[in-house]
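> Each chain, written out:
There are 2 protein chains.
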Amino acid sequence: MAQDRIVLHYLKDSRASRIVFLFEELGLEYEIKAYEWTPELVAPPELKLVWPLGLSPAVQIFKADDPEPIVLAESGQIVQFILNNYDSEGKFKPESMRDQVLVDYYLHFAEGTLEPHIVSLLVGYVASQRAPFGFGWLVKLVLSQINSQFYLRKLKTALAFLNSQLEAKDGGYFVGNKLSGADFILDFPINENLFLNPYKVKRLGIDIDPSKDYPRLVEWNKLITERPLHVKALEKKASVMKNKRGLLG
Amino acid sequence: MAQDRIVLHYLKDSRASRIVFLFEELGLEYEIKAYEWTPELVAPPELKLVWPLGLSPAVQIFKADDPEPIVLAESGQIVQFILNNYDSEGKFKPESMRDQVLVDYYLHFAEGTLEPHIVSLLVGYVASQRAPFGFGWLVKLVLSQINSQFYLRKLKTALAFLNSQLEAKDGGYFVGNKLSGADFILDFPINENLFLNPYKVKRLGIDIDPSKDYPRLVEWNKLITERPLHVKALEKKASVMKNKRGLLG
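So the sequences go chain by chain: A and B. Residue 138 in numbering that gives the first Met the number 0 sits at position 139 of the first sequence, with consecutive numbering throughout. Residue 83 in numbering that gives the first Met the number 0 sits at position 84 of the second sequence, with consecutive numbering throughout.
Possibly wrong hints are sitting among the right ones.
Which copy is meant is left open, because identical chains are indistinguishable; a pair holds if it fits in one copy or across any two.
Straight-line Cα separation of at most 20 Å, DMTMM-like style, residue types lysine to aspartate or glutamate; simulated pairs [claimed, not checked]:
#, residue 1, residue 2
1, K32, E94
2, K153, D12
3, K155, D208
4, K155, D206
5, K211, E28
6, K236, E94
7, K243, E94
8, K168, E67
9, K155, E39
10, K235, E191
11, K90, D208
FYI, nobody ran anything at the bench for these hints, they're computed from the structure.
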């Protein structure tokens with residue numbers, strides 16, 4: 000049986016990052032089509048040809064007997080579909096119904112509850128950078144109030160929750176004793192958005208000290224990022240994204 | 000076989016609204032435990048006893064032979080689990096793999112891509128209301144720039160996308176020719192957040208004219224809200240929430 004042809008549409012610095020990790024761990028054959036941000040800091044219009052919203056990640060799956068690809072265009076949906084259809088040995092399959100419930104929870108939590116706060120902090124940062132000359136301080140002042148009362152407070156609550164979930168199971172992966180959809184989906188917000196580049200995080204006004212505030216989450220992050228296929232995914236991304244324009248320059 | 004005992008934890012004016020519609024359409028027996036917002040406009044701490052993040056909706060499922068409930072705490076995960084486990088006649092089951100892929104897409108899209116923009120517009124509105132005396136205009140000025148460049152623009156893009164998806168299939172429900180998880184998950188942001196109360200929407204700075212801008216979405220909204228069990232769900236919510244404090248007073 001011919002393997003399905005799988006194409007990952009990858010905008011630099013986007014949530015698509017986690018999908019490379021997923022594909023590498025599954026040993027899938029896949030292609031990456033790389034995109035860069037426009038100078039106006041929006042996704043390029045070509046992405047709309049893949050899926051009308053024009054966001055990344057988007058995955059096209061071409062089956063041998065069907066000219067029309069299946070298109071997946073939300074991270075949680077991608078991870079869920081790929082694991083359901085391409086983890087033929089059940090390597091990452093949860094071991095009980097309760098574990099599956101928990102994986103499904105994280106698949107929705109990462110984009111529905113955690114990531115929006117990080118995005119809003121980024122949007123506020125970009126807005127203060129783009130404010131008319133002399134007004135950046137004013138935008139920062141207004142936003143720092145909203146951030147401390149809402150986005151930053153919510154983000155810290157979500158991180159403390161994740162840390163306590165790991166604490167309760169004495170560390171390791173998020174669900175059971177092995178890698179699962181939960182780890183794939185959380186890789187982007189925790190590793191790439193928050194822990195990988197403390198300087199960038201500080202610029203966004205996120206005043207966290209991961210080793211002190213979320214030690215279990217830091218252990219988890221180490222566990223994930225030291226996996227050989229995570230390292231390979233990072234190298235692959237770097238080589239494909241070379242010379243592409245990212246979101247924060 | 001005894002039916003599982005199902006408890007919906009429902010904070011007024013929250014995303015839990017859609018779950019009542021889901022339960023009514025499935026003819027499930029369930030209990031509602033109602034909560035009100037605190038005077039500080041946050042969810043009450045009792046919700047943390049159900050699930051540590053303390054958000055709503057949360058659903059507990061008590062099986063006859065197990066003292067420990069299964070807890071579901073993200074809207075998309077709840078709709079998915081409930082449909083997988085309690086739609087025994089397959090009334091709302093998609094008719095093809097491609098339709099299932101699309102339902103799963105919307106289950107992630109509603110909270111991951113659509114709802115965060117509405118929440119940010121609400122957060123901005125609340126911030127401008129709470130600004131120190133005389134400074135509300137300044138907060139509004141700063142936020143109106145960010146809204147028009149980001150949140151409002153993104154929201155309108157998402158609504159136009161939904162409208163075009165319905166247009167492409169010549170109206171009706173979002174997937175196939177029947178109600179599915181897609182309609183259950185989209186009920187809250189489209190109906191309750193945006194179309195039900197045009198005055199509230201204007202207050203948030205959302206300058207849309209649904210019948211003109213998104214006519215297919217308005218038709219869909221009518222189709223959904225005129226279903227007898229949607230009407231029943233609304234009456235049930237009103238009676239349970241009577242005298243409870245809501246988010247916008």
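> A separate judgement is required for each hint: does it hold in the structure or not?
Comparing the hints with the structure gives:
1. Taking CA atoms no more than 20 Å apart as the test, K32 paired with E94 passes in neither setting, with 34 Å inside one copy and 32 Å between copies.
2. Within a single copy, K153 and D12 get their C-alpha atoms only as close as 23 Å, which misses the 20 Å cut-off; across copies the closest is 19 Å, which meets it.
3. With identical chains, the CA atoms of K155 and D208 are at most 20 Å apart within one copy only, with a shortest distance of 11 Å there and 37 Å across copies.
4. Taking the shortest alpha-carbon separations for K155 and D206, only the intra-copy value of 10 Å comes in at or below 20 Å, while the best inter-copy value is 32 Å.
5. Proximity of K211 to E28 under the C-alpha cut-off of 20 Å is found in neither arrangement, the shortest distances being 40 Å within a copy and 46 Å between copies.
6. Within a single copy, K236 and E94 get their C-alpha atoms no closer than 31 Å, and across copies no closer than 37 Å, so neither meets the 20 Å cut-off.
7. For the identical chains of this complex, K243 and E94 are neighbours neither inside a copy (40 Å) nor across copies (41 Å), given an alpha-carbon limit of 20 Å.
8. Within a single copy, K168 and E67 get their C-alpha atoms only as close as 44 Å, which misses the 20 Å cut-off; across copies the closest is 17 Å, which meets it.
9. In the homo-oligomer, the alpha carbons of K155 and E39 lie at most 20 Å apart only across protomers (18 Å), although the nearest pairing inside one protomer, at 30 Å, exceeds that limit.
10. For the homomeric pair K235 and E191, the shortest alpha-carbon distance inside one copy (15 Å) is at most 20 Å, but the shortest distance between copies (44 Å) is not.
11. Taking identical chains as interchangeable, the C-alpha atoms of K90 and D208 are never at most 20 Å apart, the minima being 34 Å within one chain and 50 Å between chains.
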